[in-house]
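Undergrad: Chains as they are written, first to last, in this note's numbering: chain A, 1 to 92; chain B, 1 to 266.
Just so you know, the hints here were simulated from the structure itself, not pulled from any lab data. Here a beta-carbon is modelled for each residue, glycine too, at the ideal position from N, C-alpha and C.
Using 16 Å as the maximum straight-line C-alpha spacing, the simulated EDC-like pairs for lysine to aspartate or glutamate come out as follows: (1) B/K222 x A/E80; (2) B/K109 x B/E45; (3) B/K231 x A/E55; (4) B/K144 x B/E175; (5) B/K231 x A/E51; (6) A/K52 x B/E240.
What follows is a list of derived Cβ distance ranges for each label pair: (7) B/A185 x A/R83: 37 to 47 Å; (8) B/K231 x A/P34: 21 to 31 Å; (9) B/E205 x A/G19: 43 to 53 Å; (10) A/P34 x B/A230: 31 to 41 Å; (11) B/L206 x A/E67: 29 to 39 Å; (12) A/V65 x B/E205: 37 to 47 Å; (13) A/N44 x B/E226: 26 to 36 Å; (14) A/E32 x B/E175: 52 to 62 Å; (15) B/P208 x A/R73: 16 to 26 Å; (16) B/N149 x A/V65: 47 to 57 Å; (17) B/P208 x A/N44: 35 to 45 Å.
Each chain, letter by letter, is given below.
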Amino acid sequence: MANKKKHTNGYATFEDGLGFREIAELLHGTQETPKKMRHTSIRNYFLRGMEKLAEPIAKQSGRTVREIARDPRFQTALAEILRSKDKNGIDL
Amino acid sequence: MVVQKQSPVCYITTMKQTHKTTTGVFMSTDLYYKHVGKFDLLNREQEFKLAEKSANGCVRSRHLLVEHNLRLAIHIAKKYSKTKCSMEDLIAEANVGLCKAVEKFDHTKGFRFSTYATWWIKQAILRYISRSTTVKFASGARKKIYQINVARRNYYDEFGNYPEDSELAHLLGMELQEVSELRCANQWPINLDQPIGGEGRTYGELIPDTSTADESEKLDHKQIIEQIKAKLSSLKPLEERVMRLRFGITDDAEDTTKFPQSRSNQ
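Whenever a hint applies, use it, and build me the whole structure from the sequences.
TA: Now the structure itself:
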């Protein structure tokens, strides 16, 4: 753990986005999460989603899905794609 | 050589610009060398007499002093032949320095004229070389570039490969950034429209355009984005919501604006 950086565990930060703890608090009480979740659970949801989206790249690049999903560059690029998709009026 | 009644500087400058002798005949460099070789070196007494007369305003003596030392000018100019300047220009500039030395020479101090003239000739040549480059440097920067080049050569002679900029900076006691900038500025510019290879191609055609992406890369990139977009539908609602919040791209703005309130309620 000491030799690892935060982003290797999926904790890359985003300027406009929320932290995992903040998201956990925000979702608490909603229909999807009536019981408050730990921030690590939120991170797991996030990384699971990222891993699904990283599959096409993993096939081409030879890197593992897990590795790509945690890569801050991939996460930033994906955020850009999602933003552009939102601008075009297409829902996720 | 026929001596004209004009100042030595004008006389030599005319020769530089037109490649003519004072008699009006065009002269190649080889012929010029032969011509200059006709003038013998002066001994101390001859030199003293000519310098004395020259100091008293005798133009003829001044010209003779120049002519008999033209070989010295060529000798020094040859040392700078490895620069990108042509030999003719270097010799012409050396001659200008020689003329300056004749004007300034003080024979009463007892030194030989060649000792004094050498410095003026070198100064004239070095000034010309620095003027002839596209990028102008201050004399201090030029000196540092010279030191860098010498250090690189010495390093190569000793170790068989060229040193890194950081090593050069350490060796010369300079800042790394300074060494990098001076080395970058020291590059010799080339004409991009210059033809190469005899097939009508130019240097400009060989430089890749980095502003536009490679077509195949663009296609791959597009395909990946399409595949990712297709995968978006496989996300679970909670995963999607977490990702939106994490990236800060949620369109229902109340989520983030409500957040501080919701936190304070807990």
